[in-house]
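Enquirer: Chain by chain, the residues run as shown.
Number of protein chains: 2
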Amino acid sequence: MSCNAPIGVFDSGIGGLTVVREIMRQIPGEPIIYFGDTARVPYGSKSQKTIITYSRQIIKFLQTKNVKAIVIACNTASALALEVVAKEVSIPVIGVVKPGAKVASEATKNGNIGVIGTEGTINSGIYNTYIKELNPDVRVYGKACPLFVPLVEEGWLTDPLTVEVAKRYISSLLGLNIDTLVLGCTHYPLIRNIIGSIVGNDVTLVNPAYETAIELKQVLLQAGIENNGAACEHKFYVSDGADKFKRFANTILPCDVVETEDVNIESFADALTTYL
Amino acid sequence: MSCNAPIGVFDSGIGGLTVVREIMRQIPGEPIIYFGDTARVPYGSKSQKTIITYSRQIIKFLQTKNVKAIVIACNTASALALEVVAKEVSIPVIGVVKPGAKVASEATKNGNIGVIGTEGTINSGIYNTYIKELNPDVRVYGKACPLFVPLVEEGWLTDPLTVEVAKRYISSLLGLNIDTLVLGCTHYPLIRNIIGSIVGNDVTLVNPAYETAIELKQVLLQAGIENNGAACEHKFYVSDGADKFKRFANTILPCDVVETEDVNIESFADALTTYL
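Sequence lines, in order, name chains A and B.
Here the numbering used here is used: the first residue of the first sequence is 415, the next is one more, and so on.
Here the numbering used here is used: the first residue of the second sequence is 415, the next is one more, and so on.
Keep in mind that the hints were calculated from the coordinates and are not lab data.
Careful, some of the hints might be misleading.
Since the list gives no way to pick out one identical chain from another, each pair is judged satisfied if it fits inside one copy or across any two copies.
[Claimed, not checked] Each computed EDC-like pair below joins lysine to aspartate or glutamate, with the alpha-carbon atoms no more than 16 Å apart:
#1 Lys-546 / Glu-520
#2 Lys-463 / Asp-657
#3 Lys-658 / Asp-616
#4 Lys-463 / Glu-675
Predicted model only: the values in this text are computed from it and were never measured.
Using the sequences plus the hints, can you model the full thing?
Expert: Take a look at the structure:
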């Protein structure tokens, strides 16, 4: 595998760009191939079988771009598909859940950790599993927030109605004396200010993107495949609405997204059976 | 084509069940094959090309069930795909937009009609086109309401927050002196009470499902393919989450939905190119 090969990063849509932003900040020399599954977004309420099928297709597509490692920049796919799909390829595959769990287990002082995410992520219980592996003495409380993704996609990032919805979701966690709250969906950092204003300054907000970029850096170093200084060009692909995606990406990323290409992602289907 | 063959009905997910309910009420003798594309829901913000591709796959699936006619029980797919896909099959294909436009053009007294729907439906301008074909002297005002579908899917059907979101969307139409409002998305009848309380008793709410069932009845009569009294069994298929769908269907429909089957809808892809 060439050191100068790109990193594949994928998400159900635009949320994963918050992870890309962090990778570009921490390891700016690595070229990125991003895929957003905008034709089938959102993943949050769909079944594990479907999320595994979609993840497999996307990984197959990314491999046609000769990526040297893959980041699943989507909590739902990290929760429901990572373990299965990582075994099927020979390159490193990392997700956002384990890094987020690591930060949360280190951040808590009183041992009460809240996690917010999609239905798929919360119902999987995966943050609880990973956090308890690192620190068995903590208590983890999950709350699914299905309307956050549509509110972010609607662009109501500072809207009073988003505040009201957030209060509704988060109030049940506040009564549990949490001192740490994991933003367990890559869309949520975009409404971080609203969430922060509700939980107050005494609760640490954990954005798994930061630690994910650190883990990616370590994985590349350990495998000896960090970029050795070659030109770094990023490429963006989606399954629907390339122009709309490009406009959004340019409001999020520090680089100029000049072009986004549409991909027929279903054509990357294969004969693999999904085992759960 | 056998008179006793079923009617195929499809939607992006659960919304089309409001159309099925109306068909069952008006033409109870007709067996229905329903397909809900729950793996790729929602359609409302996706491109015409993608909606055509998905509609083609679903029609191909429905044809394996030997349906004698197809109802596109989704406004977005009716708006963006019907015209293209109807030409590709030899059985009648009807949508919900033309029937809704007919009722609206007949209902208005002052000539000011509002239409609410998904981004795809509203941006297509199709209600305006059809209504003006029937009555060139009216004025049609559209407003996309992207959060209504997630609010309904979240089950907040009578929630004060849904009222607030609805007020935000609908207030701009109220200043335009509309006397008729088309519920241009099959999810919206499920929050009809909220919408009605905001627009008041002087505005007629149009649910295209009612007129769609009437049009279907006429189409079957004209083609001489109405069911002649054979046993009437309905079947339900989805692309994801069959159990969840079944639970919801049983709260909506007058019949008992005993079983819902998962279908790998992507496997019905074909080599057709999408022309726009």
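Enquirer: Does each hint fit the structure? Answer for all of them.
Expert: Each hint tested on the structure:
{"no.": "1", "hint": "Lys-546 / Glu-520", "result": "within (11 Å within a copy, 63 Å between copies)"}
{"no.": "2", "hint": "Lys-463 / Asp-657", "result": "between (30 Å within a copy, 14 Å between copies)"}
{"no.": "3", "hint": "Lys-658 / Asp-616", "result": "neither (38 Å within a copy, 38 Å between copies)"}
{"no.": "4", "hint": "Lys-463 / Glu-675", "result": "between (27 Å within a copy, 14 Å between copies)"}
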